[in-house]
Amino acid sequence: MKKFILKIFGILAVIYAALFAVFYYDLDGKFIYYIFEPFMVKRFDNMKREDNLKTPYDMKEDVMKEE
Amino acid sequence: MKILNKAKIVREKMKELFVVEKPENQQEGKKDIKKIARDFWYGKPHEERRLGDLYVGDTGLYKHREWRGFVDTMYYFNMIWLYNYAHMVTDIMKYGGGPVKGVVNFSKGLMRYRWMGQTYLTVMHWFDRGLEGMRGPILRGSAWHYRGMVSETIRQFQEMFASDKKLHGGKESEQWKHNIAHNETVSGSIFYGFHDVLEDIPLEMITYFVTCHVNNHTVLNYIDAAQSIGLPADPCPMCQAEYGLFVLDDYPDFAPTMITSNEACDGSVATSVIQDWFLNRPLFAMPQPMRYDDPLVQEHCQREIEECWKFIEKQYGVPFNWEMYCKYAEEQNKLTAFEHEKWDVAANTPYYPINGVAQALYRIYYSQDGNRPIWHEIDAHVRKIMNKTVKNKIVTLPKTRHRVIAWSCAPLYYSSWCTWAYNCWGLNCVINMDSLMFDQFLRTDTYEHALEDLSWYNEKAPMRAMAVGGHEHILSLWDYMERFKCDMVVMYDQLQCKGMQGIHGVFEDEFRKRDIHAIWVPHALPDKRTVSRKEIRKIISDYMITVMREEPLDPTLLDFEDDSSW
Ligand code: SF4
Numbered sequence: 014m015k016k017f018i019l020k021i022f023g024i025l026a027v028i029y030a031a032l033f034a035v036f037y038y039d040l041d042g043k044f045i046y047y048i049f050e051p052f053m054v055k056r057f058d059n060m061k062r063e064d065n066l067k068t069p070y071d072m073k074e075d076v077m078k079e080e
Numbered sequence: 013m014k015i016l017n018k019a020k021i022v023r024e025k026m027k028e029l030f031v032v033e034k035p036e037n038q039q040e041g042k043k044d045i046k047k048i049a050r051d052f053w054y055g056k057p058h059e060e061r062r063l064g065d066l067y068v069g070d071t072g073l074y075k076h077r078e079w080r081g082f083v084d085t086m087y088y089f090n091m092i093w094l095y096n097y098a099h100m101v102t103d104i105m106k107y108g109g110g111p112v113k114g115v116v117n118f119s120k121g122l123m124r125y126r127w128m129g130q131t132y133l134t135v136m137h138w139f140d141r142g143l144e145g146m147r148g149p150i151l152r153g154s155a156w157h158y159r160g161m162v163s164e165t166i167r168q169f170q171e172m173f174a175s176d177k178k179l180h181g182g183k184e185s186e187q188w189k190h191n192i193a194h195n196e197t198v199s200g201s202i203f204y205g206f207h208d209v210l211e212d213i214p215l216e217m218i219t220y221f222v223t224c225h226v227n228n229h230t231v232l233n234y235i236d237a238a239q240s241i242g243l244p245a246d247p248c249p250m251c252q253a254e255y256g257l258f259v260l261d262d263y264p265d266f267a268p269t270m271i272t273s274n275e276a277c278d279g280s281v282a283t284s285v286i287q288d289w290f291l292n293r294p295l296f297a298m299p300q301p302m303r304y305d306d307p308l309v310q311e312h313c314q315r316e317i318e319e320c321w322k323f324i325e326k327q328y329g330v331p332f333n334w335e336m337y338c339k340y341a342e343e344q345n346k347l348t349a350f351e352h353e354k355w356d357v358a359a360n361t362p363y364y365p366i367n368g369v370a371q372a373l374y375r376i377y378y379s380q381d382g383n384r385p386i387w388h389e390i391d392a393h394v395r396k397i398m399n400k401t402v403k404n405k406i407v408t409l410p411k412t413r414h415r416v417i418a419w420s421c422a423p424l425y426y427s428s429w430c431t432w433a434y435n436c437w438g439l440n441c442v443i444n445m446d447s448l449m450f451d452q453f454l455r456t457d458t459y460e461h462a463l464e465d466l467s468w469y470n471e472k473a474p475m476r477a478m479a480v481g482g483h484e485h486i487l488s489l490w491d492y493m494e495r496f497k498c499d500m501v502v503m504y505d506q507l508q509c510k511g512m513q514g515i516h517g518v519f520e521d522e523f524r525k526r527d528i529h530a531i532w533v534p535h536a537l538p539d540k541r542t543v544s545r546k547e548i549r550k551i552i553s554d555y556m557i558t559v560m561r562e563e564p565l566d567p568t569l570l571d572f573e574d575d576s577s578w
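As they're listed, the protein sequences go chains A and B. The numbering used here runs 13 ahead of the 1-based position in the first sequence. The numbering used here runs 12 ahead of the 1-based position in the second sequence.
Because the hints were derived from the structure by calculation, they are not lab data. Using N, Cα and C, we set each Cβ at its ideal position, and we do this for glycine too. Fair warning: there could be bad hints in the mix.
Listed next, the in silico DMTMM-like pairs over lysine to aspartate or glutamate satisfying Cα-Cα at most 20 Å (straight line) [to be verified]:
#, chain 1, residue 1, chain 2, residue 2
1, A, K43, B, E24
2, A, K55, B, D236
3, B, K178, A, D41
4, A, K67, B, D265
5, B, K183, A, D71
6, A, K78, B, E186
7, B, K113, B, D265
What the simulated footprint calls covered on chain B by chain A, stretch by stretch (three residues with Cβ under 8 Å from a Cβ of chain A suffice, anywhere in the stretch; the number is not a length) [what the hints assert, rightly or not]:
#, stretch
8, 287 to 299
9, 315 to 329
With the hints as extra help, turn the sequences into a complete structure.
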């Protein structure tokens, strides 16, 4: 049991240390900047979009119709 | 040979990303163990920090995050970085209607909208920029403010995604039918009488306004889109960005109606017209008078609010509930009362635990957004910190050389300039114009009083309150300077703000007449291309060197590139 608890603590300590490394060396920022953001920019640049200029401009209907 | 070259490139890249070069005068010599231990535990003294050395080129990334001393670094890691990342996940689940639904809707929104997918994951760098160099209680108090804004942002976009027709195959869900969309400049307080039945969500607060602070790249797409259909480039870029969202079809469709306003100024009228066209659904335009002091406009303004309520009643079949209005107005009054306590500490002591950028953004956010549980939660945390700081007389920004008031409309892409200005020059931005708007309690003793105060509240909205609401308001600067004991002004010069451009000369004259040190900071609100952040820093530094004849506290912050940073 003691061994098991020590093992759990050991694993948590390793995770904690790894997270601290991510934090301290700004690995989260570097990942987003160099990998994630360029990927998303490409995606949004190439996205097909509705041409809202084709929307008619006229009177609108009420949401609740009168009985 | 190829392998060697590759290894060299990798080595160079690693050096660029992770290695902080030592300054020449520290490269040689014996190691002072005592000093190393002291710096490890307490952090380096302000003048030795060399924060500018930590940046990776012009990216704004850090080779490593700042070592603030053991206690503050651990606080930053555990209670800011880890805490906020973890709570972002729980907020996404909480506000998304459960873990699975929340994550699914969030992922859909992330992949669909540029303002989401390109912007908000960089949020911890927003904290980093605003909190650089902060230590002790001011680090904690300011970080809680950021936490409140993040949580409310997640609540809003999760509400939008959950009911967004574009993300759900065009389906008009029950939630969609119970939402009211409104301009970010229509305050949440207007909707208190419907609060428990209908959900009001500002359309541009998350899709435009907050993005500029978190990641200033995104908004440029919307400004350019607005101009791409032949709309003029000279109106306020805030309004351009707001309607650019529609041109690019990047707005979420989460409500059957829309309520717009001419606040802050006439540029917003154009936004309303374009929204009326593109949204193609019932829209109520609720104009607020520009010269709001005129007693003749008060009744008109109150009628406009009542007309808005009638519009909601008609469109949704939900009656205005007076008790509900009172309940939320009174809750909001508690937020305003605490704000006054904060101003009191900021004005009269050096123990204020909130820095300039956190003060400005949190105040504008919650007073525009309206009463929400998160603001009370955050205020409780900040109250604890502030009480302790005052009781123990902890000077929160000990290197303060000048107490600064920032006036007029601020550069959204560089709201953290005041953090830099403190770290580099000891300029402590105690208060700013936008913090002082919405300064109005809402009486609930009679319906007439309630309506009167509510219309005043909305007339005192951001920018309208001072910038374009009549010269007597913008000139209240002198009273606030005295009240907050400021000896310097950072005078924002929004180059596309016609109202403020018109009164530029009056300020020049008054500054000279009153012998006030004022630094004019030109900018174009969300658009960083007109005046870059580097140029803003140079303008401030030039003034500090040539006029004030002062030396920088941290010379590495004098001249650095950050053009590509968020
Ligand atoms: S910055 Fe000036 S032009 Fe732009 S919305 Fe505000 S008051 Fe209007």
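Here is what the structure says about each hint:
1. Of the supplied pair hints, the one linking A:K43 and B:E24 holds, its CA atoms being roughly 16 Å apart against a limit of 20 Å.
2. Taken as a hint, the A:K55 and B:D236 pair is honoured in the structure, with Cα atoms around 17 Å apart against an allowance of 20 Å.
3. With a CA separation close to 30 Å, the supplied pair B:K178 and A:D41 exceeds the 20 Å bound.
4. With a C-alpha separation of about 17 Å, the suggested pair A:K67 and B:D265 falls inside the 20 Å cut-off, and the hint holds.
5. With a CA separation close to 23 Å, the supplied pair B:K183 and A:D71 exceeds the 20 Å bound.
6. Note on A:K78 and B:E186: the hinted pairing holds, with a Cα-Cα distance of about 17 Å set against a maximum of 20 Å.
7. A distance of roughly 18 Å separates the Cα atoms of B:K113 and B:D265; the hinted pair therefore holds under the 20 Å criterion.
8. Using a Cβ-Cβ cut-off of 8 Å, 7 residues of the stretch 287 to 299 of chain B lie near chain A, which meets the minimum of three, so the contact claim holds.
9. Proximity of the stretch 315 to 329 of chain B to chain A, defined as three or more residues with a beta carbon under 8 Å from a beta carbon of that chain, is established by the 4 residues found.
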